[in-house]
Amino acid sequence: MKRLAAVLGLVWCVANLVVAYWMLTGGILAKTAQHEGIVAQASLLLGGLLVAIFAGLLARQCLRMFAAPDEASGA
Amino acid sequence: MRGLLGLLVALVATAVTAALFMNIVGQAGVAQPWGNELDDNFIFVRALPAILATGVAYGLIGGWLYPRGAAARRGDGAVRRFSPATVLLHLLITIGFVIALPTGLWQYMGGILDVQGPLPVFMYYRIHYIGAAIILASVAAFVTYWWMTGDRSLVVAPREWPRYLRGLATEVHPMVRRWMVRLLRIDTAQSAGSSGTFTFYEKTFMFPGWAVAITLITVTGLLKLLRYAIPIPGTVVFVVSTLHVTAMVMLILLTLDHLRYYFARWPLVVAIFTGWLPPRRTAPRTAPSGAPAATGGDE
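Chains A and B supply the protein sequences, listed in that same order.
Residues 1 to 75 in our numbering are what the first sequence spells out, letter by letter.
Residues 1001 to 1299 in our numbering are what the second sequence spells out, letter by letter.
A couple of the hints might just be wrong.
To be verified - Some chain A residues well away from chain B (every beta-carbon gap over 10 angstroms; in silico): (1) Val14; (2) Ile38; (3) Ala42; (4) Ala67; (5) Ala68.
Claimed, not checked - What the simulated footprint calls covered on chain A by chain B, stretch by stretch (three residues with Cβ under 8 angstroms from a Cβ of chain B suffice, anywhere in the stretch; the number is not a length): (6) 6-12; (7) 23-31; (8) 46-59.
Claimed, not checked - Derived coverage of chain B by chain A (criterion: at least 3 residues anywhere in the stretch with Cβ under 8 angstroms from a Cβ of chain A; other residues may be distant): (9) 1110-1121; (10) 1257-1264.
Hints listed in this document are in silico derivations from the structure and should not be mistaken for laboratory results.
Virtual Cβ for every residue (Gly too), placed ideally from N, Cα, C.
Build out the structure end to end from the sequences listed, making use of the hints.
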């Protein structure tokens, strides 16, 4: 069960890393600068960076849990 | 018997809401020549009172079936951490987020990236509204349930915050702790004491974070929706839409952090699905990599 949760967690991480990529690239698009302005660009860059960091932390936990289910999950 | 009656009342309330909803959908289909997207907005705004009422009904049933009681302990040593009502409502709101979050995200990112997804635009809105309806009903249910049971086990009293921040500092990563101690001038020499049923992290960061993000996304979502029922200035709609997206990003981050935190504490994952915190098999994990021993309660 823990390994299944770890795999699902990793899938969730990948989806969120894609979102982070969209946010980061969206933040530097010329179209965003023209239509949304600097605040929206900064928000997208900050949001994308934070999503990437949080997804990375979850991915690390999931990988630990997959490798050693009992040790990494406090059970 | 009470449980069966409660389930029956919940099913009747759901069926009545569904019938009302279908009636609104039927009227919208023949009365106005609007497009699918605008049609859905009107359907959702008209169904809103019924959705919230259903949530209140769920909360009342939960409060009636599972009033707050003394902490329960099973023969095998497992301790009750969540009531069945909390378990079910948590499941319900999770389903709502799983539906509403990706569709809401695509509505925003699709526009930024100027990409047409595999579905027509109105379908993303429609699915998003279904998820939002589930979230609204869940929020109404949770608030009603907590009001009925008087449970405040996840809330920190204002005078307790200094102690709870000291406790939080013991649970987070050393790097974050150093930053916290310096910025918030936390006196780490003093003991934080016990956090009670929930960990310091859950009570000082997780619950307040979710409460703020859910309140923000709910209020801004409702305001965005109400512009179809009452006139709202364009500037207000712009600010509200920006805050709605901000809340969405907060929820994405909180979901990632939620999973990370609980995957590292598997017994707490078991507890949110069963209501029971399994008996400890190993020595309790302490800060910073794990929460202190989470004791049982009846939330």
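To see whether the hints hold, each was checked on the structure:
1. With a cut of 10 angstroms on Cβ distances, Val14(A) stays outside the contact zone with chain B, its closest approach being about 12 angstroms.
2. For Ile38(A), the non-interface assignment is confirmed: its Cβ lies about 14 angstroms from the closest Cβ of chain B, beyond the 10 angstroms cut-off.
3. At the 10 angstroms boundary, the C-beta of Ala42(A) stays outside the reach of chain B, the nearest C-beta of that chain being 12 angstroms off.
4. Chain B leaves Ala67(A) outside its interface by the beta-carbon criterion, the shortest separation being 13 angstroms against a cut-off of 10 angstroms.
5. For Ala68(A), the shortest C-beta to C-beta distance to chain B comes to about 12 angstroms, beyond the 10 angstroms cut-off, and the non-interface label holds.
6. Coverage of the stretch 6-12 of chain A by chain B holds. Counting CB-CB distances below 8 angstroms, 3 residues qualify, and the rule asks for three or more.
7. Chain B is given as covering the stretch 23-31 of chain A, and this holds because 5 residues of the stretch bring a CB closer than 8 angstroms to a CB of that chain, at least three being needed.
8. Remark: the stretch 46-59 of chain A is confirmed as covered by chain B, as 7 of its residues place a Cβ nearer than 8 angstroms to a Cβ of that chain, reaching the required three.
9. With a cut-off of 8 angstroms between beta carbons, the stretch 1110-1121 of chain B has 3 residues touching chain A; three or more are needed, and the interface restraint holds.
10. Interface restraint, the stretch 1257-1264 of chain B with chain A: holds (5 residues with C-beta to C-beta distance below 8 angstroms; minimum three).
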